[in-house]
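Engineer: Residue strings, one per chain:
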Amino acid sequence: MAERRPHARREGKGTMSESGYQRIEDVILDPLFPEVDLALRAGRHIDVDEGGRYELLADALVHLETFYQRYGWELVRSPGGYFFLLPLGDRLPRRQLSTGEMLVGQALALLYLDPVTLETAGTATRSQVVEILQHLVGEERLYLELHPRRRRLDERIAAESVRREIDKSLRTLASLGFCDLVDEERLKLRTPILRFAEPVQTMEAPSEALARLVARGRAALGEPAPSDSEEVES
Amino acid sequence: MTELTKTLTALHESEMSLALSSTDLCFLVALRARAEHAGFTAFEEDTLGDVFHQVLMLVEPTAEHPKVRATAAIRRLREQRLLTRIDGAGVVRAGEYALTRMADALAEFFLQEETLTRESLALLTHTLTAQLEDVRAAAKKARTPQEWRAKVTQPMRITAGDLLGGIERRQRGLDRSQGEVRSRIAALLREDWFAAIEACEALLEDTAATLRELNDILLRDAAALLSLLQDISETASQAGPGEGPNAAQAASQQLADQVDRVAAWGASRQRAWSDYYRYVQRFLRDVVRLDPGRALSQRLREQLRGFCAAPFYFIGAEAIPLPLLRVPDLRAERPVVMRARGRHGPDLEAVLADDQVLQLDARARALLAKRPASLSELVREAVANLPPEERFRAIGRVTALCGDVPIARSHERAWTPVGNNMVIQDWVFAWRSDGRTRAAKGRAR
Numbered sequence: 000m001a002e003r004r005p006h007a008r009r010e011g012k013g014t015m016s017e018s019g020y021q022r023i024e025d026v027i028l029d030p031l032f033p034e035v036d037l038a039l040r041a042g043r044h045i046d047v048d049e050g051g052r053y054e055l056l057a058d059a060l061v062h063l064e065t066f067y068q069r070y071g072w073e074l075v076r077s078p079g080g081y082f083f084l085l086p087l088g089d090r091l092p093r094r095q096l097s098t099g100e101m102l103v104g105q106a107l108a109l110l111y112l113d114p115v116t117l118e119t120a121g122t123a124t125r126s127q128v129v130e131i132l133q134h135l136v137g138e139e140r141l142y143l144e145l146h147p148r149r150r151r152l153d154e155r156i157a158a159e160s161v162r163r164e165i166d167k168s169l170r171t172l173a174s175l176g177f178c179d180l181v182d183e184e185r186l187k188l189r190t191p192i193l194r195f196a197e198p199v200q201t202m203e204a205p206s207e208a209l210a211r212l213v214a215r216g217r218a219a220l221g222e223p224a225p226s227d228s229e230e231v232e233s
Numbered sequence: 000m001t002e003l004t005k006t007l008t009a010l011h012e013s014e015m016s017l018a019l020s021s022t023d024l025c026f027l028v029a030l031r032a033r034a035e036h037a038g039f040t041a042f043e044e045d046t047l048g049d050v051f052h053q054v055l056m057l058v059e060p061t062a063e064h065p066k067v068r069a070t071a072a073i074r075r076l077r078e079q080r081l082l083t084r085i086d087g088a089g090v091v092r093a094g095e096y097a098l099t100r101m102a103d104a105l106a107e108f109f110l111q112e113e114t115l116t117r118e119s120l121a122l123l124t125h126t127l128t129a130q131l132e133d134v135r136a137a138a139k140k141a142r143t144p145q146e147w148r149a150k151v152t153q154p155m156r157i158t159a160g161d162l163l164g165g166i167e168r169r170q171r172g173l174d175r176s177q178g179e180v181r182s183r184i185a186a187l188l189r190e191d192w193f194a195a196i197e198a199c200e201a202l203l204e205d206t207a208a209t210l211r212e213l214n215d216i217l218l219r220d221a222a223a224l225l226s227l228l229q230d231i232s233e234t235a236s237q238a239g240p241g242e243g244p245n246a247a248q249a250a251s252q253q254l255a256d257q258v259d260r261v262a263a264w265g266a267s268r269q270r271a272w273s274d275y276y277r278y279v280q281r282f283l284r285d286v287v288r289l290d291p292g293r294a295l296s297q298r299l300r301e302q303l304r305g306f307c308a309a310p311f312y313f314i315g316a317e318a319i320p321l322p323l324l325r326v327p328d329l330r331a332e333r334p335v336v337m338r339a340r341g342r343h344g345p346d347l348e349a350v351l352a353d354d355q356v357l358q359l360d361a362r363a364r365a366l367l368a369k370r371p372a373s374l375s376e377l378v379r380e381a382v383a384n385l386p387p388e389e390r391f392r393a394i395g396r397v398t399a400l401c402g403d404v405p406i407a408r409s410h411e412r413a414w415t416p417v418g419n420n421m422v423i424q425d426w427v428f429a430w431r432s433d434g435r436t437r438a439a440k441g442r443a444r
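Going down the list, the sequences are from chains A and B.
Its first residue numbered 0, the first sequence is counted upward by one per residue in numbering that gives the first Met the number 0.
Its first residue numbered 0, the second sequence is counted upward by one per residue in numbering that gives the first Met the number 0.
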């Protein structure tokens, strides 16, 4: 868990504004600001479990929204209670999640919604992720989706290869704040994982919800660039 | 060798093991319940048979030969030191049996698991405090090693140790009970989802309140207990070195460690429950209350199932890679490729051609024109006039001239003498009727 934020922001600032900070300078001078800023720019989702980082964002939201807007980013505060940066134009580099990351993310969101995970306070296992994906996507399809340059399932290496790709996706998702990797097998789910349920969160048709997300720049349709680590099938 | 090592070695050497079937365990638990209910301290053989029969009727109604099975079950329990014969009459008459301490502990685990409650903890810590106050008073009066042992060390090791052990045992019981509460919350939500919110919250609150109370008591009483133990230790220290005071100090230190452990349990469990409490509350608020029909899971499952057919990808920020400036010295200077301006090495000088070599070549070519049958025939004639010391090099030169001559295919080339004690691996020439060599033929193509 992240450390609590020091109270430097409240020292000698006179009357507090509603946001907790009077000016954007006060936010930037907060000792935690550099790491919050770097984490957001790296695509991290920051939720309440991150303690001081989350408090800073919640308190300084009014100032930071304007601050990031000038760079061409939207500081999104999700109804689920987490923050992330969304690039609005092409001036800044943007990250598009890969197929593997999208599949694994949706499986993690399903686990988050399952009451069984409550028993372990949100701790799931990699085997559960693999099981869900194999069950809902199908073994062969999953293999081919995770290895877009291959044409057919190679049963000798399929299980190991799928597991490796899922591990890679989990590492990326963990760096983006969707989960924490506890050890080789276990992982802790975090609230931002519910972002993967956004297209089906309302009762409207999923395609309409998705179109709305695309229009707002939060999602993209079509094929992502194949992973560099992929080998071309000879 | 420590006591524990000795015990473990002895246990292993005696090949002690426990193997109890479900029916045997039920029998054991039933015996313990009967003893408690009827106030028995021992069982007659007939009573054992009756109890086993009742158990068998309950758990295996179709079982045959109950008496035979009862005898076998009693034998198994005796062999595993769970049941002991106490009458000492041997085979003269029917025996009288009692449950051993191990059997008691096993049955008690299943019958009634003690958990820590506010009342039991307060009672245990008050009794412990009173006990340690007595010990402290006794330590101030103790003079002889016997007094130290009887009134200070032994009460601390046995009475106080047992009381603290009782608290720890109940703590483990409460740990298990918390695990059950977690399972119940998950089960309630699985079954009733939205309707289970209140029940889940009540379970969470109950356990949180219990842990809070227990932690408060532990924090308060642990400080008092540690203070008493410190007094006892100081009194023993002032009494000077000796067997009695030393043993009392060691016992006091051991108890202080145990008190620390008990107090740390409270803090750690409260912290762990607090994390769990927040997680469940957030789940109830963000997931259950917002999705009373539990449709989200189903819709998400459908989304994942159809993802490959209609994929989409989330977008987020990505850090701008920082340009890494290179240190110029680290780059090796590559020389430009260009024509060499001067000659390397010593200057060459013009010399006259070697007449002997030219003559040898001419002679060999003339002989080749006559189409000799084999290499050995050619070589023999070509080098015949040369001095013996030059023949070896000359053979090589003549052979090199035969590069274009067609050679007959052969699996094994014979070693043939060519004079002057020299042999060569022979080639048989395969001259074509038109007289052209292989190279000439190749060029013609």
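Honestly, the hints are just simulated from the structure, not real lab data.
Some hints could be false.
[Said to hold, decoys possible] Here are the simulated SDA-like pairs of lysine to any residue, each with C-alpha atoms no more than 20 Å apart in a straight line:
id, chain 1, residue 1, chain 2, residue 2
1, A, Lys187, B, Asp285
2, A, Lys187, B, Tyr276
3, A, Lys187, B, Ser182
4, A, Lys187, B, Ala137
5, A, Lys187, A, Gly88
[Said to hold, decoys possible] In silico negatives: residues of chain A with every beta carbon more than 10 Å from chain B:
id, residue
6, Pro30
7, Arg40
8, Gly51
9, Pro92
10, Ala106
11, Tyr111
12, Gly121
13, Arg149
14, Arg162
15, Arg217
Even glycine gets a Cβ: it sits at the ideal position worked out from N, Cα and C.
Engineer: Next step is simple, just say for each hint if it's right about the structure.
Structural biologist: So, going through the hints one by one against the coordinates:
| no. | hint | verdict |
| --- | --- | --- |
| 1 | Lys187(A) - Asp285(B) | holds (17 Å) |
| 2 | Lys187(A) - Tyr276(B) | holds (16 Å) |
| 3 | Lys187(A) - Ser182(B) | holds (18 Å) |
| 4 | Lys187(A) - Ala137(B) | violated (54 Å) |
| 5 | Lys187(A) - Gly88(A) | violated (33 Å) |
| 6 | Pro30 | holds (21 Å) |
| 7 | Arg40 | violated (5 Å) |
| 8 | Gly51 | holds (16 Å) |
| 9 | Pro92 | violated (5 Å) |
| 10 | Ala106 | violated (7 Å) |
| 11 | Tyr111 | violated (8 Å) |
| 12 | Gly121 | violated (6 Å) |
| 13 | Arg149 | holds (15 Å) |
| 14 | Arg162 | holds (18 Å) |
| 15 | Arg217 | violated (6 Å) |
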